[in-house]
Amino acid sequence: MSMRNSLLALTLSCAAACFAQTGPASRSSLKVNLPADSPVTLLSADWGESSASERGSAMVLNLHTSLSLRNSSSRRIRGITWMVLSQEVTPGGRASVTKASLDIAPGEAFPVRLDLRLLRPLGPGQLQTGTPLVEMSLDGVLFEDLSFFGPNRLESRRAMTALELEAQRDRRYFLQVLSANGAEALRKECLASLARQADTPRLDVQMARGRATAVEPERQVQFAFLRFPDSPVDPVAGMAQVAGAEARAPRLEVHNKSTRAVKSLEVGWLLRDSRGREFWAGTVPAKASLSPGQKTEVLGQTAFRFAEPAGAPVTIDSMTGFVSQVEFTDGTVWIPSRTALGDARLQHALAPSAEEQRLTGIYRRKGLSAVVEELKKFQ
Amino acid sequence: MNHPTQADLALYAHADLGWARSLLLDRHLRRCDGCRREVDAFRQTREAVQESGAEFPPELHWAKLASEMRANIRLGLEAGAIAGPIPVAGREANWMSGYRSAAAMASITVLVCSAWLLNRPAPQPPPIALDGPGIVLRATPTGISMEGNGRSLALMHRGAEKVTLTVGMQGSLRARYLDEETGEVTIHHVYAE
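In order, the protein sequence lines correspond to chains E and G. Residue numbering for the first sequence follows the working numbering, starting at 1 and increasing by one per position. Residue numbering for the second sequence follows the working numbering, starting at 1 and increasing by one per position.
Simulated from the structure, these hints should not be mistaken for lab results. Glycine included, every Cβ here is placed at the ideal spot set by N, Cα and C. Mixed in with the good hints there might be a few duds.
[Claimed, not checked] Covered by chain E, per the in silico footprint, the following chain G stretches (three or more residues, Cβ under 8 Å):
#1 19-32
#2 183-190
[Unchecked claim] Distance ranges between label pairs, derived from CB positions:
#3 E/ARG153 - G/TRP19: 45 to 51 Å
#4 G/LEU24 - E/SER274: 58 to 64 Å
#5 E/ALA180 - G/PRO141: 36 to 42 Å
#6 G/GLY76 - E/GLN347: 20 to 26 Å
#7 E/ALA58 - G/GLN44: 46 to 52 Å
#8 E/GLU184 - G/ALA15: 28 to 34 Å
#9 G/ALA7 - E/ALA192: 21 to 27 Å
#10 G/ALA71 - E/LEU175: 22 to 28 Å
#11 G/LEU77 - E/GLY331: 42 to 48 Å
#12 E/LEU146 - G/TRP19: 46 to 52 Å
#13 E/ALA185 - G/HIS14: 30 to 36 Å
#14 G/ALA7 - E/GLN87: 53 to 59 Å
#15 E/GLU144 - G/LEU77: 33 to 39 Å
#16 E/ALA185 - G/ARG31: 37 to 43 Å
[As the list claims (entries may be wrong)] Derived BS3-like pairs: lysine-lysine, alpha-carbon spacing no greater than 27 Å straight-line:
#17 E/LYS188 - E/LYS366
#18 E/LYS287 - E/LYS257
#19 E/LYS376 - G/LYS162
#20 E/LYS377 - G/LYS162
#21 E/LYS188 - G/LYS162
#22 E/LYS295 - E/LYS257
#23 E/LYS263 - E/LYS287
#24 E/LYS188 - E/LYS31
#25 E/LYS376 - E/LYS366
#26 E/LYS366 - G/LYS162
#27 E/LYS366 - E/LYS377
#28 E/LYS263 - E/LYS295
Generate coordinates for the entire structure from the input sequences, incorporating the hints supplied.
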């Protein structure tokens, strides 16, 4: 089935039937949008165990779908991002699903799974006829040579390029361990990484735009910074408003110390709680047009509440920032080296890269020989 | 006398050992009371675990749990091999094999209980109170969501291993995980911008 130059509308019959209680039965539930010259084509869609049910005064729709796609380009695909929109359920909100660390050869078919839960109030006249519940649109495809295709509305080019650079960096490191010290050294590396992953503290988080109404008095907390020698941008100063477990309106000043113009950057953010434990909190991403030698301010306009996975709020005591990603105007991206990330605090608080997680996942399930095979596949 | 490894005995007890090694182990077991008792203990442990499985919540994902357990047991054996052998007295000392069986049973019980605890729904912290209307992004044990006006859209990380959450201070929430079925890196993102 050719999808080129087409807008494909797929009907999820069970969801439509259930949503018929509040809307027309024949409406499309999911629409998949592919640009005319898309490098991937849609082969089929499987709806699996999708279901709908009532919960109190709300309708819950569980959409489990797996799209089967084909790489119709002449290059290997390393990553793909889909934008997910549901105007009727969350007007103004957007979501995306990215698959990274892929190795999809030209002509090869591959799946993309989407597990969605939609919740909306029960009541007549709330759905518009002909409007799909969910729309999936291709936002970008990253190829092995780091070239990119897609509208890039979600900045997926920068995100996928950084992921691929991290993947290349970590595969190189694992291969170097293997060639310099042998298979047993690689095994020890995998085990150490798995132990680190198990020990990485995790926070749950809620986020809202605007001002949160915290009960505790608000105070201004200054950022401390970790600086990497090879980073093209340095953090200079920063602060955020903190009240108990809530932080809002982070403000950071950064300096482009490189000779190249910067288009955007991300500053990583670590939190220390009142018990001295350090957590990975997130990033302050910013579109910052920075000429060489220039300084600028990066602002966040959101409020965050951090909690431990069991639900107990985390009392924020201090914060540390570091530059975690820089995108130059020519589209190239800088990421920290493994040496820079070897800092003891980052080793403890920061999760390993997606690729390191994937490789150690292969080790955990299939053993060392499977990891070696996987590493050689990318050489 | 050379005794089979604990891993071989466990695999034999559950009929998961290759036929050639099973034949060799059969011969050994005919002559070694200690190893025979260990095999019996492995079988009893399995039965006990299967019986106690009826007490677990029905939504517990057994296939996922079994695959996690297999991976963790193999990982434990490999890590143990790197750490080196633990000096023990001869296997003929029957009281020692009793301790080993008890230790194996205790380890499996701890593993199953840990898995059950990890599968328990965690209590959800209260949402942020807003000054005005707007979209709230939230991470839960099963996914990340955006919510507003009594409506929500959640991207579920079904079959996820360890999920790494990252907030974007401009108004986004990201969940990165390995898809257990495909082993692929999957990244979900919700944006309030």
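### Query
If you check each hint against the structure, which ones fail?
1, 3 and 24
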